[in-house]
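Which chain is which? The protein sequence lines are A and B, in order.
For the record, in the first sequence the residue sitting at position 4 is 3 according to numbering that gives the first Met the number 0, with numbers rising by one throughout.
For the record, in the second sequence the residue sitting at position 96 is 95 according to numbering that gives the first Met the number 0, with numbers rising by one throughout.
What the hints contain is simulated information worked out from the structure, not anything from laboratory work.
Bear in mind that the values here come from a model prediction, so they are computed numbers and not experimental data.
Keep in mind that a hint or two might mislead.
With a cut-off of at most 25 Å between alpha-carbon atoms, the simulated DSS-like pairs for lysine-lysine come out as follows [stated by the list, open to error]:
no., chain 1, residue 1, chain 2, residue 2
1, B, 105, A, 240
2, A, 362, B, 14
3, A, 240, B, 42
4, A, 29, B, 42
5, A, 100, B, 95
6, A, 35, B, 14
7, A, 240, B, 11
8, B, 8, A, 337
9, A, 337, B, 12
10, A, 11, A, 29
11, B, 95, A, 337
12, A, 154, A, 139
13, A, 29, B, 12
14, A, 80, B, 95
15, A, 337, A, 362
16, A, 75, B, 8
17, A, 80, B, 11
So, partial list: chain A residues that the calculated Cβ filter (under 8 Å) puts toward chain B [what the hints assert, rightly or not]:
no., residue
18, 24
19, 49
20, 138
21, 141
22, 206
23, 215
24, 263
25, 351
26, 354
27, 356
28, 408
Cβ coordinates follow ideal geometry from the N, Cα and C atoms, glycine included.
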Amino acid sequence: MNHPTAAAIFNKDELRTEWHDKALWYVRNKRDLSAKSVPEWEELRNLAEAIKANVLSNLDNYLIEFEENAQRNGIKVHWAKDAAEHNKIVHGILEKKSVKKLVKSKSMLTEECHLNGYLEEQGIEVVDTDLGERIVQLAKEPPSHIVMPAIHKKKEDIGTLFHEKLGTEQGASDPQYLTEAARQHLRVNFLSADASLSGVNFAIAETGGIVVCTNEGNADLGINLAPVHIASMGIEKIIPKAEHLGVFLRLLARSATGQPITSFSSHFHGPKPGSEMHIVIVDNGRTEQLGREDFRKSLNCIRCGACMNTCPVYRRSGGHSYGYTVPGPIGSILSPGKDLKKYSTLPFASTLCGSCSDVCPVKIDIHTQLYKWRQIIAKEHQLPWSKRQAMKIAGYMFAHPKLYRFAGKAGRAMLRMMPRTLVYGPWNAWGKQRDLPEPPKESFRDWYIKNRKK
Amino acid sequence: MSSRKAILKAIKKNKPELSPLPEMQTFRNDTVDKLAYLKEVFKIIGGVVEEITDTEALPEAIKKAYPDKENICSNIPGFPLTTVDLSAIEDPHDLKDVDLVVFNGKFVVAENGAVWLSERELIHRAAGFITQHMALIVNRNDMVWNMHEAYQKMQLDRPGYGVFVSGPSKTADIEQSLVIGAHGARSMTLYLVG
Ligand code: SF4
């Protein structure tokens, strides 16, 4: 299903759309307050951007340096060119250790690789332990946001789900009560897991270790108890030096939720005594993106989610409408690189207002990239027929000033005279949830001609 | 070709021209009242700060803040409230009933309330997460302003694990309502001593 169709379904429930919009705007506001409290915010963004530019320009050497240092720290390093190889490597490690149950903390990469389904087919139980992830896992849905996976669900939905799956009281929807139930349920799993898997927020070339950030403490609880830890990372997660963490950790949580830092920022430089630690370095299309000059900067992304929270289209269409692991503005510039045809509507799921680029802590020119994908899609004829026709007509009108002026006049007059039901019919997509502005009596051109004479 | 080789080769082919690393800055702030700032931050992160001038008074203060806790661990040798000896435990799963940990932390960061604990302080990596409550002790002189100073202060890769703890475990995954005590500690108190 393409984005406009999925968004239209989401929009059918107007109250819920309204609520979703507000919930995310609330997070965006918290981000603003938090960013404003740091006088050097813009300097931090510049530093982050420059560090990432250096990383991309020297990525092969940093990966080699990282591997060497990680191995010295007693970590086993694996390389996967695509999702299938990643999944196979993970399964291989688990099989060797006869793992029956794996606890996982948040990792968008394993979502991208569809690891859960793969492991379940091999008979391994996978338990997502981040509360939001557990909610969507129990509901058999993908996450709808990269930081708040269950942001599309109301507490009543979660109450019903937990009643069915975890045996909470029927009708109970108090977040405190539901969180406590999840805590008890997941503790049992933490204590009985044979292995843990985490994502990676940052991998430090200089020291050969990784950093994982959570608020719940679920990553550490899983990793620090189980005898095997697997960390999956995309090649772009590398940063050169430990001192660079200062820049990124100051930006990440403030951009994501407005917190000054996540509750736990954990640094792993080797397995705990008597355990194993593995890192799987994954390409899966990233080197290709690195080769696209106009789009490589999208690899700067530190997955804070700020561009989603601020996006007027994301807020009013929901993460699932994008149909890609990473939704929102950043997903819309990553996905066409994966499959231009399948995701051809995503670069159009934007008003090009540029708010995403303004909030992005690593200064990705998101809206410019959206625009550039549009040009590629238009050139490759991936545009839907209706859009192509509309563009053709518009092009003709702009090329014929007299016709343009006549159409403007006629339009203004018609809008004033026509009954509401005619103007706001199903053909008026713009007017679906809002009113058109009052049509002016005269065009700017008429006004200008009149006033210039004065 | 191995995947390692293929990936490195593809990067080499596709990467842009070398872009220099920027000069790092530490954004020192010598005028800010770090203690006052830290106290404000603790309100946001959901923790509690207590100032204790006399170290002798610590056990009493902790006992008062955390009454009726049975299983208490600490990394302070001879700490009077200790009931479970962390170094005597082999399997971290045996920590599952710990009610309270009392840990000396290395230092605290004023801008975000983060206390640094390495594996040396935690003894067991899981100890700081499996516990129901957490009391951390830091000397008031061991306070840095921001994360840049923090990373200058430590050796990151030895021992193999370290964590910045900023407040108790929390989540807002259900309708953005903040709930304290997701999987880890349900409360975190920082005792500033000296
Ligand atoms: S693109 Fe920028 S704002 Fe969006 S998730 Fe990535 S880092 Fe955050």
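Legend entry - Per-residue hint verdict: residue 141 (chain A), partner chain B, C-beta under 8 Å: violated, 15 Å
Legend entry - 25 Å Cα cutoff - pair residue 8 (chain B), residue 337 (chain A): holds, 20 Å
Inset, instruction - Take a quick look at whether residue 35 (chain A) and residue 14 (chain B) sit within 25 Å of each other, Cα to Cα. - result: Judged against 25 Å, a Cα distance of about 35 Å means the pair is violated.
Legend entry - Evaluation of the interface hint that places residue 138 (chain A) against chain B, nearest CB under 8 Å: Violated, because the Cβ-Cβ distance from residue 138 (chain A) to chain B comes to roughly 13 Å (cut-off 8 Å).
Legend entry - Restraint status (C-alpha distance of residue 80 (chain A) to residue 11 (chain B) at most 25 Å): holds, 15 Å
Inset, instruction - Using Cβ atoms only, decide whether residue 408 (chain A) comes closer than 8 Å to chain B, and label the hint accordingly. - result: Hint violated; residue 408 (chain A) Cβ to chain B Cβ min 49 Å, cut 8 Å.
Inset, instruction - Return the status of the interface hint for residue 215 (chain A): holds when the least beta-carbon distance to chain B is below 8 Å, violated otherwise. - result: holds, 4 Å
Legend entry - Evaluation of the interface hint that places residue 24 (chain A) against chain B, nearest CB under 8 Å: Violated. Min distance 11 Å.
Legend entry - residue 75 (chain A) paired with residue 8 (chain B) [C-alpha distance capped at 25 Å]: holds, 21 Å
Legend entry - Supplied contact hint for residue 49 (chain A), tested at 8 Å Cβ to chain B: holds, 4 Å
Legend entry - When the least beta-carbon distance from residue 351 (chain A) to chain B is tested against 8 Å, hint result: Check failed: Cβ of residue 351 (chain A) comes no nearer than 25 Å to chain B, outside 8 Å.
Inset, instruction - With a cut-off of 25 Å on the C-alpha distance, tell me whether residue 240 (chain A) and residue 42 (chain B) pass. - result: Distance of about 32 Å is beyond 25 Å: violated.
The structure fails to meet hints 3, 6, 10, 11, 13, 14, 18, 20, 21, 25, 26, 27, 28 from the earlier list, while all remaining hints are met.
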